[in-house]
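Engineer: Read off the chains here:
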Amino acid sequence: MDCEYNTSVLKTGEGCDTRNGKPTSGRKRRRRRESKKERKKDEGRGSRNAQHAVDSGERTEKERQRKRRKDREEKAEHVQSLDKSKVNSRDFAAKNKKNLKNEKTRSKGRSKRELEEGEAKQPQRKGCAKAEENEQDTCERAGKRKGKKKKHRKKVETSSEQESSEDGDKEGEGEDEEVEEEEEEVEKEVRPETLTPEELEKLKEAVDDKKKLIQALRGKPWPMKKKHSTLRESQEFLEKYEGALGKGKGRKLYAYKVMMNKKWMKFKRDFENFTTACIPWEMKIKEIESHFGSSVASYFIFLRWMYGINMILFGLTFGLVMVPEALMGRPYGSMPRKTVPRAEETNAMDFAVLWDFGGYAQYSVLFYGYYNSQRAIGWLKFRMPLSYFLVGVGTVAYSYMVVIRKMARNANETGGGDENSFNFSWKTFTSWDYLIGNPETADNKFASITTSFKEAILEEQESRKDDNIHLTRFLRVLANFLVLCCLAGSGYLIYFVVRRSQKFALEGFENHTWWERNEVNMVMSLLGMFCPMLFDVISALENYHPRVALQWQLGRIFALFLGNLYTFIIALMDEINLKRKEEDVVQFNMTMWEASLHNNTADNSTAPPLFTHPADVPRGPCWETMVGQEFVRLIISDTMTTYITLLIGDFLRAVLVRFLNYCWCWDLEAGFPSYSEFDVSGNVLGLIFNQGMIWMGAFYAPCLPALNVLRLHVSMYLQCWAVMCCNVPQERVFKASGSNNFYMAMLLVILFLSTLPAIYTIVTIPPSFDCGPFSGKARMFDVIQETLESDFPAWISKVFSYAANPGLVLPFMLLMVLAIYYLQSTSKSYKEANVELKKKLQMQNEENKKKNKRAALKAAMELEEARKAPSSRTAEQHYNPSHQHRRHDMADSRAGSFSSDQGKNGDDQAPFTDCRRSKPVKASASSRGRHANQGATAGYPAGHPRQSEPSRLQRVASTQRR
Amino acid sequence: MGATASHLGKDLLSEYQELTFLTKQEILLAHKRFTELLSREDKNLPDPRAPTEAILTLPELKSNPFRERIVRVFSTSESRDGLTFEDFLDLLSAFSDSATLEIKSHYAFRIFDFDDDGTLDENDLEKLVNCLTGETDETRLTPDEMKQLISNILEESDIDKDGTVNLSEFQHVISRSPDFVSSFKIVL
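So the sequence lines, in the order shown, correspond to chains Z and B. Residues 37 to 998, numbered by the working numbering, are exactly what the first sequence covers, in order. Residues 497 to 684, numbered by the working numbering, are exactly what the second sequence covers, in order.
No wet-lab data here; the hints were simulated from the structure. None of the values given here were measured: they were computed from a predicted structure. For every residue, glycine included, the Cβ atom is placed at its ideal position computed from N, Cα and C. Errors might be hidden in some of the hints.
To be verified - So the derived list for chain Z, only partly shown, Cβ under 10 Å to chain B, looks like this:
#1 K288
#2 R378
#3 Y470
As the list claims (entries may be wrong) - Listed next, the in silico DSS-like pairs over lysine-lysine satisfying Cα-Cα at most 30 Å (straight line):
#4 Z:K276 / B:K506
#5 B:K506 / Z:K261
#6 Z:K442 / Z:K417
#7 Z:K417 / Z:K539
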């Protein structure tokens, strides 16, 4: 060793370049490293023992002694003299670069150690703060001699906090090797080619670890200064060594890769910034969040999400259906379906007519009837009917996908199975909404938390007795009966109104009042407005718990909306059938009319074929456009009622309460009318049903998504404003996340229910003969068949026809059913396994508890004995380790089968006990260990919290077995 | 580390982005808000520290019952009051939208640990519940209720039955909660 060191120093001293990397020096280096490893192993053991030694001052003293001894062994005389006198060394080192470096590091290390010593003497800070300081210390130290000690650094990076404190100790001891490693580093820096493969591997690993560290840094609960210094240090390390990896060509490639990676990271970050800047209404929602808590904000987030979906639906219909038809299709007035008929021409531009989406609006791209059945249009040969059909299918498919994906994600987030096991803890630890920034909301939140505590305590003590269960039962039945009556009544009312409006329509709308024309929509909107209030009153009869009451209320409103929607659809179906009968008549008339035309022309066949203006051509009623119109009207009136109720119910009320309060006989703000609350569930339901109507009608009125986007956009601003200026925070503050998936489930149900009628009409009812993209076909989906036959090679249509064969479809469906069954049963078994595991955990906990007690008792007894016989103390301690070891083994075999966690601890412990046996000198450490053991059972003693936090549980598991 | 009072350097900004869960805009906004909190003479200091009182006036923290605790936990100064800009960023990062459950629960634990001893004992829990129920007497729990509540909490969360809730137990409980992550947020 000595001579080796000497030679290298001498060589540099004399101007010879060790950096030439002679093969011999490499071998030597390896040998040296091996010896170092052995030494380190010893020290590792020592450090593990020392970990329990709280008094680090003593340890550092020992280290220094050891270090000096080694120095003496290792160094040549002149180096030693250097060590002693700094002035001299500097003179000498002016000639010898490397020695200067050695000196520097040593002095640095020494000063650092002194610092550490001073710190150790300070009264210990408490708990995790201490642990962190320790860590910080480690990192800073490491930062100063960056990159010198890869092995140590690696451990610090990958280790959890628990380990890193240990490493801190180790690092202190490992300083002896600094000198040598420094020497190696210098060589490495310049000539990576001279490195052995293993070293390269190690370096690569270190670099990878650094990278990982940088990525994980933000997730570490450290103060910024420490994170910062760690980042800087590891970045410098990376810069230094990343480029050095690889050889020759590979090296260049590697450097290039690294550079590109950096660029890519930067780009990603910029892109992230950009996308977050692009999220609309973020600030608005945050403002609401801070005023009203997360539940109200969750409505707006839902609204924004809906807006996003509708944007995409709008993009699809607008880009692939409306624009191509408007640009490339035949222009307005070129054919009967694209012209306003003569009878309506006079008032086709009236606002009232346009408002009802009649007149020019009806004969435009906004509705199904305008589209031509021409197979390909324009110079692009755009397949219009096919596109129309596919967009219709695509919107539905996309919606399904999005909703289900969102649901799955929500389910993942909530994922925790056991709701009731942490009832109280959750109430205390997680019930505060940190977003609340409004004192009023905060007061409400205080009140609601208190009530929830009180309720929970009451429920826990005993389930409340119902003094008159018969009465409540009767009242509940009565309430449900009343609600059913309401539902039936509203359903009938809608049916009646739709029927009446059909009659009016047959007579012609012109001779009826505005009310009669808009009866259907108005009645539906009004029902949707007042029935929920009625339900609310009725539910007062039932005397449910507020949470249960809310669920009932939501369920009833859902039923009401659904019932209304479906009566509306059934009435529409009736109307469709009527129209189709009318269509037959018209078709017959038309052939007559054409025949008469032909007769006319047949008389003088020489005359040019007679041109009739398209407005004059008789035409069918086009039920598809009618359906589309109905939906559009419904949406419009629904939107209007929502806005108007918002203005009257919220704004006007707030204004009245605010200003009449000065001259009123009671306190309006606190008393009866007060300000309105924001009704999250009602609003969400409204939104969901609105979306359902969009899905239903979008096939027949491509303008619907566009309308909805407009509506959502306006309501975003309007409702934000209304909430901020005239609502008060809710008294019953509901949790946002709990109901999220409930709403999504409703959305899914609505989506399914709204696609049903649409699909039914598409599949069963033949399209009108003279309007729409599918005119002339028997069924709308024939368009697929047609495309397959004419646009694709024959074999595809053949394959398709085979695939559509019931002989193939039925087995396929069977397979799907089987797959569903299989998945369901596996999920069931997983659930069972979960329950089993939970049971096991509980059992283990109990076992641990018992063991804890037993161990504590034993330890206490031993301690007593030790106190009684202080003279025999040393002898007992010599005996102690092996004894403890045996007990540990026993405990291990008992608990070993339980968990991997414990098994790991056992592994960790093995060397510990081993070294205790082999080195009984460390009497102080073992006694301290016992002290800790006792402390674990009787709450952590003052010295104990020094351990880092997450490791606690494991520590408990490990200490109890000692 | 010298965050100059007037503006942030480009390198520093990107480093902060690397080290926190915040986006560039959020960091800039935070910086703006932070400099507003500083008094004039403080702005010229190399590493200015906003006093606790100034930070508590932030509307985001004003109504929070844990505001003093939050400042204490995130403060790196010796006397545990006042925040430097980096402390402030740490705070915002832990409370940001994209912070992990782990880091959130870590800081939540430290906030709830009123006596800074590394565990939540009965006194901590009592203080915590009192914070949650507000200052007024009508919302306070009676001593009996409080006792019952605390014993219930300990029964649920204190897995090793040592009478206190430690960090890993706390994180275990929190990780199952459906709405901790969504409510443990402070946004500027």
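Engineer: Each hint should be assessed against the structure and marked as holding or not.
Structural biologist: Here's how the hints hold up against the structure:
Interface restraint check: Z:K288 against chain B, minimum CB-CB distance 26 Å, threshold 10 Å, status violated. With its C-beta approaching chain B no nearer than about 60 Å, Z:R378 sits outside the 10 Å limit, and its interface hint is violated. For Z:Y470, the interface hint holds, since its Cβ comes within 10 Å of a Cβ in chain B; the closest pair sits about 5 Å apart. Between Z:K276 and B:K506, the direct Cα distance comes to roughly 22 Å. Compliance with the 30 Å bound is thereby established for this hinted pair.
Proposed proximity of B:K506 and Z:K261 is supported: the alpha carbons are some 18 Å apart, at most 30 Å. A C-alpha spacing of about 37 Å is found between Z:K442 and Z:K417, which places the hinted pair above 30 Å, so the restraint is violated. About 43 Å separates the Cα atoms of Z:K417 and Z:K539, which puts this hinted pair outside 30 Å; it is violated.
In summary, the structure is inconsistent with hints 1, 2, 6 and 7 from the numbered list given earlier, while agreeing with the others.
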